[in-house]
Structures are given as structure tokens and as C-alpha cells.
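*Asks:* This is what each chain is made of:
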Amino acid sequence: MAELKVENLTVSVDGKIIVEDVSFNVKGGEVLALMGPNGSGKTTLFMTIAGHPKYTIVKGRIILDNDDLTTLLPEERVMKGIMVAFQTPIAVPEVRLSTLITAMVNKMNGKKLTDPAPPSLVSSLVKSVQEVGLTTAHLSRGVNHGFSGGEMKRSEVLQLLMVKPKIALIDEPDSGLDVDGIFAVGKALLNLVNSGTGIVLTTHSARILHTLKPTRVLVLSKGRIIAEGGLELVEEIEKVGYENFLRVRSK
Amino acid sequence: MKQDLRSLVEEGLTPEEVLSRDAPIRRSIEIKGKITSEVIDEISRAKNEPDWMRRLRLRNLELFNKLPAPNWLPNWVLENINLEEYSTYAKPDINRASSWDDIPPEVRKYYESLNIPEIEARALMGLGAQLDSEMIYFNIRKQLEEKGVIVMPMEEAVQKYPDMVKQYFMKIFPPEHKFAALHGALWSGGVFVYVPPGVRIEAPIEAFFLISNAGEGQFEHTLLIADKNSYIHFIEGCSAPRFSKYSFHDGMVELYAHEGARIRFTTVQNWSKNVINFNNKRAIAERNAKVEWVEASIGSMASFVYPSTILKGEGAGTEITGITVANGRHIKENGAKVIHDAPNTYSKIVNKSISANGGTAVYKGVVYVRKGAKYVKSHVACDSLILDEKSKAYTIPHDQVFEDTAVVTHEAYTGRINEDKLFYLRSRGLSEEEAKSLIVLGFISDVTEGLPFEYAMVLNRVISLEFSKYGKVA
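Protein chains in written order, with numbering that gives the first Met the number 0: chain A, 0 to 250; chain B, 0 to 473.
Chain B on its own, in the form it takes in the complex (with noise of 0.2 Å):
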């Protein structure tokens, strides 16, 4: 017997756990099966999209299948993206709303038990809620229209401002491997955002993204473009309650900054464990324009996450900040990639793993200096914590300096938790489990603490939760 949302959250469950039994959230369209030109035509239909936008999906989709799968990827996640099991799109039968009033309340109590609608209300400019393969709440702060910035779902902005999107889309990250491709053919949801030159937003604008069913397939679209000396945060929340089976993730950002831009890109990614997550992440900085990328990967099963800056203006700068989580047998790759395209660039690169209990962290990354790119600066730091003899990372930094003025520079940490430094701690009062989560958060304080107070919270919520897990399962 299939019950409905509204009766199992009258028995008293919480809305975690009523998404947690493969919740039967209605579908108004659920397309699955093999990945084909009519599916593609469908999809298109059901967005009633201008006829180049379903031209550069087929296109897509012809690359897909021509394209051998990328070489770093271990098997055993190629074999779990059985792409036919899949729901490839799946529209919840819910209308988009711009006030959490008109969405439904069993839908809505989910989002309220991880505190967005307060969060929303207390800091942010904007917000837009995903949820599988649609945003179902979108509202921007009046503010921001006056002044001229535009932020609005994808699809719509495919309608409305077709020549913009024309020519950034997919033009910062082409389809150059297969799940790119499959992303350009399939892509559904997520949000478009151009800020006018010299507008500075100061509060962040958020972008939520839910799976709320096993074996879904989510393939949101997120493109920033900064003008002239502009200024935005943009916060990217990730979330899936566990599932039975596998789902997949393969989204797309890409971020163009105009000349003297400053563009900060917040992922908070927390997928439960058998969601398998691929983000592609790329973005271009114009001359002095800065790009600032924060990937903070806690949950998901297998994720492979590398965003890049391509520093293509003179006086043009990154910096890329990756935490990763790897707590259990789970593989957690979080990367960077840098192309200093112009002299005087610089990048900074910060990545902090924790593994525990078997898990996998790695920080593969790239950072190449183009020959006649002059006076490069580039520093690369690898921290690893490492909570047990279980558990591994891996720093894997590759260089490709070409110029001769370059300063590429390059450190890494290890630190290791054993019975003498938890004795010491313990000796002070606090419990094992306690002491884990306290060394945790001191490791990644550096970080959290640049983050606005919000997120820093929410993330050493998330991950305390995760720790005390953690000292449970040991």
C-alpha cells in the first residue's frame, strides 16, 4: 500500500525519515530508460525551450556517446552509474512558489528541519530551492532587481535573455569528457545570475539543491557572470536523505569574471552516502578579477570535485579552498585546477581532508604556468588528518610550470590521531568522542572561520554530527 507524505508525517515521523523511505514526492513528468534523441526531445518539450537550446543537448548527447569514459575513474563507480536505472528527469508535481507558505508542508517541513527558510530570512539576498530535477521556491530580495541584477532558474533565463546565456553557456566548460556531455544533454534546474558593473552584493544568495528519491539522476546548471568591478557570494547547499540504492549527480558551474570582479562560490555539499557526485567547476577571471571557490564536501558516497580558475587577465587571482570529509568506505576526491593564462597572476590553493573509519580523502590538482605568463605566484597547502589506521590520503599536486619567472610553491601536512594525543585531551575531561570532534573543527578552523558565521556554523554542525558518528560506529 502506498501511503502519502501527508499521512506519514501525521504519524509522527520526521520529514527525514519520511524522504528517507524513497518518498513518493508525485512526479508530473518522470522520464528513465535509455538516454536517447527522443528523450532528449522530451525533455525539451517539457521546459518549452527555444530550439537551440535542444540542438546543443543533442549535441551534447552525440559527444556522450562518443566519448571513451575519463581514464580517473575508478570501476567500481563506472559500474554503480548504471545510466538506464536512472530516472534522468523526474518534475515534482509541485508549482514553483516565491513564498514557503504556498509549498506544501510535508515538503516544506524538510526544509525547515535543516533551518533554510530562517537562514534565508536572517542573511541572504536570494534563494532557490531544487528539488530533483526543478526549482520549487525561488525569491530575491526586491533590492537587487533595482539595481539591476538579474537572478532567476536557468530555464527561464534560456527564454528571457537567450543572447547571455548563448554565450557563456558551456563556453566556460565545454563538454571535453563524457559526464560533462551527459550534463549538457540532460541538464535541468538551477540558477542564472548576472550582476550589472560596479554593483556589489553584499549579503550571499543561496542556491539549494534536494535529491528527495533513489536512483535520480540530478544535472542542475549554475552560471555567475560578474561584471566590471561587481561583487557576489553565491552559497551552493547540497542535500539527500539515504536511499536504498544509488543516485547521481553530475551539475555544472561555471562563473565568468569580468575585469576587477570578485566572485566567492560556496558549496556546502552533503549528499547522503550512496549518492555518487560529480560537479564540474569552472571558471575565467578577466584582468584583476578575483575568484574565490570554497568546496566543502562532507557527505556523498564517491565524489570527484575539482573546481578551476583559467586566469586569463593580467593581475587576475584564485584562490581555491577544498575541505573533504571522507567518513566510511567512501571515496572523496577534492581537487583543483589553475591555468595562469596572464602575468602577474596568483593562486592560492588550500585543501584539508579528514578521513576516518575506512575512508578515502584525495586532493588531485593542477597548476599550470603558460610560457610568456610572467612573475606567476602560486601556493598549494595539503593538510590530511587522518583518524585512524583504516583510513587514507592522498596528495597528488602536479605542476606544469612553463615560464621561468614563476614562484610555484608547495606544502603538506599530515596529522594523525593516536592514543597518546587522545589521552591527553581525555586527560582534560573530554570524552573520546568529544576529543575527535574538538581536534576536527580546530583542524578546519582556518577555513570555517572565513566563511559568513551561518555557514561556518552550519558546517561545524554538519561535521560534528558526522564525528559523533564517527565515535558510535568505532
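The following block holds chain A by itself, in its conformation from the complex (with noise of 0.2 Å):
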């Protein structure tokens, strides 16, 4: 069974330190829930483990299964199996989101990027695209150009169903859904958690969290780790909101 291992991680942006001596693990088939306020270090936490050249490791270790990718490069960090899900992604324009699915997954299976999509990675396609709710008119579009916020979400979601890696880290794949979007998304992951995949998602709502029921909870604060638990966390959070919840917890 894969497993993820952050060590006492430490990141700087431009000299500052935004996340401090982070450690958590998780493994295939397990979901963990990253909560915290706005600015807590969710997402600078997701982009390091990434690989984004911005964002510098101070101390710490990123470990997969026996693999240290703590220097890798970020796409041999997919090769490896971890892969991020934007909470804004980028739009490329110039490539289409079937283009880019087709090459992701060539490149996965040791082929050159421009060969054509086997039959088989059509179905499937096709089949995910109504999981995550999107049509297959979107395929034909450049990544993410001119889409809405929540057919963005969608559509990482499909490129993590795609390529199925050991761990996915998802920064708040609900935020800009309609209820039905979160519906749809949260049980399409859950069938990603099935089939093996781990995964460490960020919410700000307790949702997509009554689907996708994490095995723990961990709550970021001003880059630090300040507590971890079961669904329990969640629900005090959503009670008595971040400030109070933090207020009790300093003290």
C-alpha cells in the first residue's frame, strides 16, 4: 500500500517562512482532511509537495513509499504517483483539455505524448466526463479557458480520475459548486479512494466531507499543525467558527 510522508517540513516564499515543521502521513485508500483558516499554509503545503520552483523547503522531507522526492522535479513527482488538484488552476488555451488528458496519460504509459488515445482511454473518458458532470464539448476546449470556476473544479477532478495516482492532494475541490457539483465530485472521488488512491483534501465546507468521510482531520494555523482528530474537529469548527476554535486551542 502506497504512503505519503511529510517530515517536519519547513517552506519559504521569498525569505519568509509560511509553513513550519509539518509532519502528517497518509496512505492509499485513506482520506485526510487539511482544514484551517485563509492563509494557514494549506496551499503552499500542497504546492511544495508539488514541486513549484516558488516555493522553498527550509527543513523536511517529502517522502513516497522509499522514494525521497524532496528534490525531484515536479513532473517526476507525478511520475512517482502524487498529483495536485488546483484549488485556481491556470488556463492554457493553446492546448485542449482532451490533448492534454490524451498526453498525461501516454506519458504514464511510457508512450510518446502526440500518439492518439486508445479506444480503451475513450470510454473511459467519456465516462468520467458524465461522472464529474462536465460534456464532452469541454474536451474539445483549451484547458480551463473560459471555463466557470466550478467546471474548473470539475475538470481536475477528471484528470485525477485519469491517471489514478497512489496519493492525490486536492485544494478545496468543492469551492464554486452548486450543491449538486459537490454531490457529484465527492462521489467521484470516493470511487477514486476505492480504487486505492489516498487523498488529502483542503474544505472550507463540511459537505463534500459527509461523502467523502476522512479518516482524520488535521487543522492548519499560521503554518503549523495546531491540532488532529476524527469528523469531531470539523464539526466544533463549523459550530463555533475558526477564531473561537483557535482562541480554545491556544490556550
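It is worth saying that the hints were derived from the structure and are not from the lab. Treat the hints with care, since some could be wrong.
Derived list of chain B stretches under chain A, where covered just means 3 residues or more per stretch with a C-beta under 8 Å from a C-beta of chain A [to be verified]:
id, region
1, 122-132
2, 435-443
Below are the EDC-like pairs computed for lysine to aspartate or glutamate, each with C-alpha atoms no more than 20 Å apart in a straight line [said to hold, decoys possible]:
id, chain 1, residue 1, chain 2, residue 2
3, A, K111, B, E432
4, A, K110, B, E431
5, A, K165, A, D67
6, A, K53, B, E453
7, A, K79, B, E431
8, A, K111, B, E453
Quick reminder that beta carbons are idealized off the backbone N, C-alpha and C, glycines included.
Got two chains here, each in a separate frame; can you build the complex from them with the hints?
*Replies:* Written out as C-alpha cells, the structure reads:
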């Protein structure tokens, strides 16, 4: 079973420490929820694990199974089995969504990027497109080009479904989605978990967690983990708000 | 010690590497030095030309000497066109053949490395291959002859169809600037095509031009006449290995589409990075005729190509599509010119440029609508993709509209590749190089998808190669 271990990670951006001494682990088939107020370092943590060059690792390690990913290039980390779904993905108008997905799957299978998609990929793509609530018309548009906030989220999840990474880091998959969208995306992610993928996700609402049922919840504040527990933490935050929650914890 | 080609090939070098050594392909005639009327006489004699063509050359020489250098050329380009150092005529010592078996293996290998014989067998109705100043290979499918289509090297047409040649040759593109006149004086090689009324040639005919040596000028002339309601797709491919000094290309293409005819003319230009490239291209379209130009400008040190169409008859139309790659410290001008000279004519110009590694891509275009040419429609779309901070793209459209009923529109888009865009694709498992090539191929895909499959493949491959080099350089 795959396992991602983040050990004592401290991250700086432009010389300023954003994440400090964070450790956690997640296994394949497990769901870990990462909560925390705006600016607490959740996205920084994900971008660092994904290998964005803007984020400097000051200390700590990122381990997937027996591989140390800490110094690998972003694309090498993906090939090892880590993939991120962005909170606000950037548009790439030049590349069609179908072209990108075909290239990703080809790369994973050691084929040439521009090889045509095999029929098996096409049929599973059509199925997954419906599962996340997009249409095949989205596939022939530029990646995230003119997509609504909700469509971007669905497209990010669609890409995860096609690649089936060992560990997926999903940044607010539910923001900007309507109720039906949250339900559809939650169900699709649950299928992904059941097929063996481990998920770390951030969210600001409990709704998607009702579907995904995380085994553990971490709360991040000012770059540090300040609480760890089960779903009861989510209920508490929902009830009293971050401000009160953090005040009580810091005592 | 000078080795011949064969022994170099036997040493295990690829033909491209061999030719890159300023290949000693033997010449039976080579003319160099100052361009005088004696030089013109010598070329004309070598071709055994009729006197009218010799006089046409001399008139052009006179104009060349009289005309000033074009003011649209940068000085550094003019400084590097030192004509006295170029061979102005180089006849390879190879007899023209209609079977690849009759081409010397060391030369054939080069064409094979570019898959040309294979594409010919699979997708073409005819192929002519020019090496330096002469056509060394020419083969046309029998069925074309049966339909009355004439396809032959330009020199042969001068001998066999003088009346037709006289009627069109440098009449569509007169010697109106210095280098057009130079072309008229020194032209050699190229293809003549005549398609009879109503004949449709479904598969393309290709001419492939190779410059094998450094310090050489190539001046081929291609003339296509499509008679009423006929159709032809002609493809032009250009290649040259890398040399130690500049070579110079000053070709000309003239197209005449008679009433209701349709001509597609596609160029895939991949000269090496020290060829200075002019190509003087112009078409005339009669009533309801259509002319489509595709100019894929990948290689060369500096290129100045502006495919032009004169819409002479009512209802005539043109589409001019440009793909420009300026990769490295090169200047690539790929423009378009449309003269709306009749009512209800329409034009569509699509230009896509990619600049990288300090390259400069320029679109220069003119749309002219004559007073009285009512209800003209014209649309120009220029998209630029700039791959790094050092590179540039310029879009210089110029409209001259003298008719109130004309609808002339423009759109422009500039895309950049920045760290965030690259990171997004890298977070999908693609390397930086792969990400760039996916963006570049995607950027031109709506244009390449309109090309015949074989050429879309060739173009995609050439461009991918271009940018895999780019990745390493960067």
C-alpha cells in the first residue's frame, strides 16, 4: 500500500516562512482532511509537495513509499504517483483538455505524448466526463479556457480520475460548485479512494466531507498543525468558527 | 584532401552530416562573381534557351542594376547579400531522372532521410526535386497526362509551351523590386503546371527544393495556371543542411486561377539557419475563383515572404495562412497582401507566429479595397505565441479601404508561456520541454488540421524537433 510521509516540513516563499515543521502521513485508500483559515498555509503545503519552484524547502523531507521526493522535479513527482488538483488552476488556451489528458495518460504508459488515444481511454474518458458533470464539448476546449469556477474544479477532478495517482492532493474541490456538483465530485472522489488512491483535501465546508468521510482531520494555523483528530474537529469548527476554535486551542 | 560523397557515406556519416560539410557534390557548371550580361548569356546558353527568354533575363538585369535596395529590408540583411560571393548558377553533375533508382545513392539518401520518396508513393500525383539550380528528379503519374495536365520543369515549358509561358511569366509578379528583378535575371529550375478546364487533381503535386552547398543562390520559378473550374493542390518543400556561411534564396511563385478554379499552394520552408530567404509569391484570381496560400516558415536565418492575391473577378476569394517560427536570433517576416479589385470578393488571413530564444516574428499585411469593389469582406487574425522574455512578435496590419460597403475586420491574440503555465503542465507529469512543445503544437493545431495528413505530420515533427532543441539551448 502506498504511503506519503511529510516529515518536519518548513517552507519559505521569498524568504518568508509560510509553513513550519509540518509532519503528517497518508496511505492509499485513506482520506485526510486539511482544515484551517485563509492564509494558514494549506495551498503552500500542497504546492511544495508538488514541487513548485517558487516554494523553497528550508527543512524536512517528502517521502513516497521508499522514494525521497524532496529534490525531484514536479514532473518526476507525478511519475512517482503524486498529483495535485489546483484550487484555481491556470488556463492553457493553446492545449485542448482532451489533448492534455491523452498526453498525461500516454506519458504514464511510457508512450509518445502525441500518440492517439486508445479506444479504452476514450471510453473511460467519456464515462468520467459524465461522472464529474462535464460534457464532451469541454474536452475540445482549451484547458480551463473560459471555464467557470465550478467547471475548473470538475476538470481537475476529471484529470485525477484518468491518471489514478497513488496520492492526490486536492485543494478545495468544492468551492464554487453548486450542491449537485459537490455531490457528484464527492462521489467521483469516493470511487477514486475505493480504487486505492489516498487523498489529502482542503475544504471550508463540511458538506463534501459527509460524502468522503475522512479518517483523520488536521487543522493548520499560521503554518503549523495545531490540532489533529476525527470528524468531531470539523463539527466543532462549523459550530464555533475558526477564531473561537483557535482561541480555545491556543490556551 | 577532398573526399567524394560516397566515401564519406561509407564512413558511417548520415547524408545530412555529409552535406553539412559543404558537400562536394560535383557541378558540371558553376557560375560565380559579378552578375553581368555575359553571365546571363552563359546561363541562357547552358539552358539552350530561345532568344526571347535571354532578352527577358537581360531586361531584368538592367532593372536590377537600376532599382534601389528595398527600404523594407534591414541593413544587416542587405550587408550579408554579397552577390559576388554567391554561386548564381550551380548545375549538379547528375542527370535528371524519373526513378529514384537512377539518382546516385549518396544524394538519394538525403531525400530518403526526409521520407520524400515514401510520401511521393503514398500521397502525391507528382514530384519534382530540385538540387541547387536544376531539377534532378521529376516524376508525374500517368493519369495526369491522360487528363491533359501539363507538369514539367520550367525550362522544358519555355521550350515546349513558349506562348503560354510568355503570357504569364513575370506578368503576375512583374520585376517591381530589386530582388524580383534579380530573380528574373537569374531564375533557374522550378515547375510549370497547367490544369485544363474542369480537371480536378485530388492528390497534391510537390516540388522539393534543396540547397546543397554554402554560398549559393537558388532562384527557382514556379508558375501554375488553373483553367476554368479546375482544382489543384501544389506543395513546396524547402530544405538545406547547416553551412558555415550564408546562402541566398530568391524564388518566385506565380499562380493564375481562371474563372471558378481553385488553387491551394502550401509551402513548408525549413531552410537551415543561415539561408536568407525571399520568396516572391503572387496570385491572380478571376471570377468566383479561389486561391489558398499556406506558408509554414520554420527555418532560415531571415525570411521575407508575403503571399499575395489579386482578387480580379467578382466573387473571387482567398485565404492566406501563415505559420512562422522564429527560434533563435532570427528575423522572420511572414505576411500577406490582398488586393480587392472586384465586388463581392472575400479574404481571410490567419497568421500564427511563435518566437523563442531571442527570435523576432513579424506579420506585415496589406488589405486594399478599390473604390467600386462593393460588398468586400475581409478578416485578419494574427496570433502570436512568445516563449520567453528575449523574444518578440510584431503585428503590422495595414488597411487601405476606399469603399464604404466593405467589412474589414481584425483580431489579434498574444500568448506567453510563463512559469505558472509551465508548472501547471509539469504538475501533470510533462517535462518543461514536453509542455512547451504541447503548447506550440496546440497553438498551431487549427491550422495544421487543415493540411493533408502527411504534411501535418511532417510539420508537427519539424516543429517538435525545433523546440526540443530549444529546450536544450534554454
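*Asks:* Take the hints in turn and mark each one as holding or not.
*Replies:* Going down the list of hints, with the structure as the test:
Only residues whose beta carbon comes within less than 8 Å of a beta carbon in chain A count, and the region 122-132 of chain B has 0; fewer than three means the coverage is violated. For the region 435-443 of chain B, the stated coverage by chain A is satisfied: 7 residues place a CB nearer than 8 Å to a CB of that chain, which reaches the threshold of 3. With a C-alpha separation of about 13 Å, the suggested pairing of A:K111 with B:E432 holds against the 20 Å cut-off. For a cut-off of 20 Å, the pair hint linking A:K110 to B:E431 stands: about 17 Å separates their Cα positions.
For the proposed pair A:K165 and A:D67, the alpha carbon gap of about 15 Å is at most 20 Å, so the pair holds. At roughly 42 Å between alpha-carbon atoms, A:K53 and B:E453 are farther apart than 20 Å, so this suggested pair is violated. For the hint linking A:K79 to B:E431, the alpha-carbon distance of about 17 Å falls within 20 Å, and the restraint holds. A distance of roughly 18 Å separates the Cα atoms of A:K111 and B:E453; the hinted pair therefore holds under the 20 Å criterion.
When held up to the earlier numbered hints, the structure conflicts with 1 and 6 and fits the remainder.
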